[in-house]
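Q: We have chain A already, so just place chain B on it with the hints.
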Amino acid sequence: MDTLLEMKNIKKYFGEVKANDGIDLDIQRGEIHAILGENGAGKTTLMNILYGLYHPDQGEILIKGEEVQISNPKVALHLGIGMVHQHFMLVPPFTVAENISIGLEGQKLYKLDLVDIEDRVRELSQKYGLEVDPKAKVSQLSVGVQQRVEIIKVLYRGAEILVLDEPTAVLTPQEVKELFIVLKNFVVDGGTVIFISHKLKEIMEITDRVTVLRNGTKISTVHTKDTSEKELARMMVGKEVLLKYEKVETKKFEKVLSLKDVYCKNVKGLSAVNGVSFDVYGGEILGIAGVDGNGQKELADVISGINEIDSGEISLNGQNLNELSPYERICIGLGYVPDDRRGVGLLTPFSISMNLAIKHISQQPYKKYGLLNHAYIEQNAKEIIAEYQVKTPSGQVPVSNLSGGNQQKVLLAREISCQPQALVISQPTRGLDIGAMEFIHKTLFRKKSDGTAILLISSDLDEILEVSDRVLVIYEGTIMGEFIPGLIPIEEIGLMMAGVVKKER
Amino acid sequence: MMGLNVSLFSLLFLSGWIASSIRLMTILLLGSLGAVFTARSGITNIGIEGMMLMGSFVAVWGSYTFGNPWIGVLLGGMAGALVGLILGVLSISVGSNQVVSGTIINLFALGLTSFLSAVAFGTSAPSQVPSLGIVPVPLLSKIPFFGPILFQHGLLTYFAVCLVPVVWWIMYKTPTGIIIRAVGEQPEAADTLGISVPLVRYSCVLVSGFLSGIGGAFLSLGQLSVFMENMIAGKGYIALAALVLGKWSPWGVLGSSFLFGAADALQLRIQSMGLLDIPVEFLQMLPYVAAMVALAGFIGKAAPPASMGKPYIKSR
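Top line first, the protein sequences correspond to chains A and B. 1 is the number of the first residue of the first sequence in this note's numbering; add one for each residue after it. 1 is the number of the first residue of the second sequence in this note's numbering; add one for each residue after it.
Everything labelled a hint here was simulated from the structure, so no lab data went into it. Do not rely on the hints blindly, as some may be mistaken.
[Stated by the list, open to error] Output of the computed footprint for chain B on chain A, the stretches with three or more beta carbons under 8 Å from beta carbons of chain B: (1) 364-374; (2) 422-436; (3) 460-473.
[Said to hold, decoys possible] Here are the in silico distance ranges between beta carbons for each label pair: (4) Ile490(A) x Tyr312(B): 37 to 47 Å; (5) Asp57(A) x Val289(B): 56 to 66 Å; (6) Asn97(B) x Leu171(A): 37 to 47 Å; (7) His374(A) x Val100(B): 25 to 35 Å; (8) Thr348(A) x Val100(B): 16 to 26 Å; (9) Ser394(A) x Leu112(B): 41 to 51 Å; (10) Lys314(B) x Gly238(A): 27 to 37 Å; (11) Val135(B) x His55(A): 47 to 57 Å; (12) Leu116(B) x Lys8(A): 35 to 45 Å; (13) Lys314(B) x Glu205(A): 31 to 41 Å; (14) Val100(B) x Val143(A): 30 to 40 Å.
All values derive from a computational prediction rather than experimental measurement. Quick reminder that beta carbons are idealized off the backbone N, C-alpha and C, glycines included.
Chain A on its own, in the form it takes in the complex (with noise of 0.2 Å):
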């Protein structure tokens, strides 16, 4: 092996914010190299210096042995540098080969020649093995194919560095293997890879080297044959991590939140949830697998109340709630953690103070002589933010100004401190660093063991295996199964999660 690129003692502030303070990284020509950190730890950061999208404030970076200046992705791409970004840098209305024709180069001024790059493609898609048809519009192919199409952007023209940036995220896993497949060829061809990830499972199974990031500083690079999750794990926390769970055993209570023979449409007016039945006990925590967009948004939103009913019953300690507001929901012990969380949880511009008070403003002792009561309120953020470790100066900060883990735990903290007799909570993990999702977890196991009833929607299988007590499968709208963790094989929930087998419960 030999070394392909170096990056020296990069720093890169962002304000106050040091983003890279001093990272050095080295690359070998055909490796596959993770970089690994939690949110924030400065991988994103670094790899946009490599691209030319940030230009760092100092330090060197050496390709082939020699110094380069990359100072814009345009120089990048040149050196043979492609980079595939979390959020997909694609025209939805554009076809596939359109979006590959962006300011390619050696263009024809007065003619764009699609056919050309359409051929090209489907070479490409061949050797690799990216089925992509290039006459497809972006906006109607599904996220494993867009990712193929950023991949296909990258190699036309002429990547020999494929940086991909936590590609995994948005994909089945199905199409994680078949990405690994993609990428292993690549290798094969003389490529090489750099991987951005926070899960370690992946880390261990598809790269040859790690480097470890935490807090815009390099912990470490290490030969992934010679180490392990846990010690990954460690160096990307800074302490021990538990990477499996206790599972609490709780004595279950009454029956809590019950649907029989739910139907709801979704904001195109299609029917997204179809005959859903099941009830949720105190003291439980019942997961729903399933792969994104099978109607867990709906289902949610139909329970909360913003979604309206079609038919069927959803109660709550045996009260009717299809009449009931949102609000009135919520008054009787209905709590909700949507997965949008920036979107639909939480007044991003608001301080904490106020998202923590938004629910009981109108209530003593929130409100005094019909204003707001800011001692209290503060008062009351104070506690919260000490007790759910919220990072933040204080609670007059801006939630946008917080990371995900912490935007989550305000949301969480705000629907448990209205002591919620049932919490239906919605990729409560997504796109959280370990250290967030295990304080998310825990929370929600102390919730169960006060006699909470748990309704846990995530679309990570890993999550709903180590937290649920019992799960269902939905697929298209309809639940396709019932089992306990640990008791039936994984590819069988497979089957489940893509329609092709329906248990009778």
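A: Chain B in isolation, oriented as in the chain A frame:
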């Protein structure tokens, strides 16, 4: 009533009406074709009115000073482009609210042109300056009925209509068009491919300003041969409506500009015939009513460029 119907729909009326619609369409078409560039690159251009007004004044001044209307047109286009540059600085570099910047630019242009007009011409504005004439197309203009309608116009009218397929070709058939539209839909995507989003957007506001400026020049030199305070009188906004009704596409704005031109021509005809007993002020509202009805009724499903009106500013 019978007599009225007959005269309204006589061929003579029809040909006169259509010819005049095309003439009145010209300024709208130039403005909205320019705005296709800004919209497609992601900029909401409210400043068309101001660009036209500057164009119309500078054109008259240029024509008066140099004694040649085409120098006036050229200078008018450049004045419009200059206004576009101001819009660019505000909405691209500074990242301010584009609706507000555009509106301010219009008010600024109104004040500036009135002032400059007083400085340049004093109270005794030149009643006539060298202006643009009608250039009948040889042979074609002799075709009965269609000849006078289609082929007896000013050069700028032919230019505007010929520009429609050219702009369409640029937008949809060239790599440049792909870049412009990518910047308007998903500037981040263009950025990650090494395209300078500000450069593309600046180019587009300059083009838009130039075309709107020429549009203004057509009004002052091609139709009236004089500059009057606030002479654009809302045509820039109608061009904006034509852009939306035309779904941000070159062929679309040809249709919508013609529609609004026709509404304007109709009210002028009714006015001049004096046949209907309707107050002039009501008739003058006709193009705007047409704009409102059209926007309310026929927008349909086409979506504007996804990033239109959103400044793209990132830290480096």
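Q: Is 25 to 35 Å a correct range for the gap between the Cβ atoms of histidine 374(A) and valine 100(B)?
A: With a Cβ separation near 33 Å, histidine 374(A) and valine 100(B) satisfy 25 to 35 Å, so the hint holds.
Q: Is it true that the C-beta distance of lysine 314(B) to glycine 238(A) lies inside 27 to 37 Å, as the hint says?
A: About 31 Å separates the Cβ atoms of lysine 314(B) and glycine 238(A), which means 27 to 37 Å holds.
Q: Does the Cβ pair valine 100(B), valine 143(A) satisfy 30 to 40 Å?
A: 37 Å, holds
Q: Go ahead and decide if the range 41 to 51 Å is satisfied by the Cβ distance of serine 394(A) to leucine 112(B).
A: The hinted range 41 to 51 Å holds for serine 394(A) and leucine 112(B), with Cβ atoms some 49 Å apart.
Q: Are three or more residues of the segment 422-436 of chain A within 8 Å, CB to CB, of chain B?
A: Coverage by chain B is violated for the segment 422-436 of chain A (0 residues, Cβ < 8 Å).
Q: Quick check: does the Cβ-Cβ distance between valine 135(B) and histidine 55(A) fall within 47 to 57 Å?
A: This hint holds: roughly 54 Å between Cβ atoms.
Q: State, for the Cβ atoms of isoleucine 490(A) and tyrosine 312(B), whether the hinted interval 37 to 47 Å holds or is violated.
A: 44 Å Cβ-Cβ, so the 37 to 47 Å window holds.
Q: Do the Cβ positions of threonine 348(A) and valine 100(B) conform to the proposed distance bound of 16 to 26 Å?
A: 24 Å, holds
Q: Range hint 31 to 41 Å: satisfied by the CB atoms of lysine 314(B) and glutamate 205(A)?
A: Between lysine 314(B) and glutamate 205(A), where Cβ atoms are some 34 Å apart, the hint holds.
Q: If you look at each residue in the segment 364-374 of chain A, do at least three have a Cβ nearer than 8 Å to any Cβ of chain B?
A: This one is violated; 0 residues, fewer than the three required, reach chain B with a Cβ under 8 Å.
Q: Confirm or reject the claim that asparagine 97(B) and leucine 171(A) have a C-beta distance inside 37 to 47 Å.
A: Taking Cβ atoms as reference, asparagine 97(B) and leucine 171(A) lie about 39 Å apart, which means the hint holds.
Q: So the hint says 56 to 66 Å: do the beta-carbon atoms of aspartate 57(A) and valine 289(B) match that?
A: 59 Å, holds
This entry does not satisfy hints 1, 2, 3, 12, going by the numbered hints stated previously.
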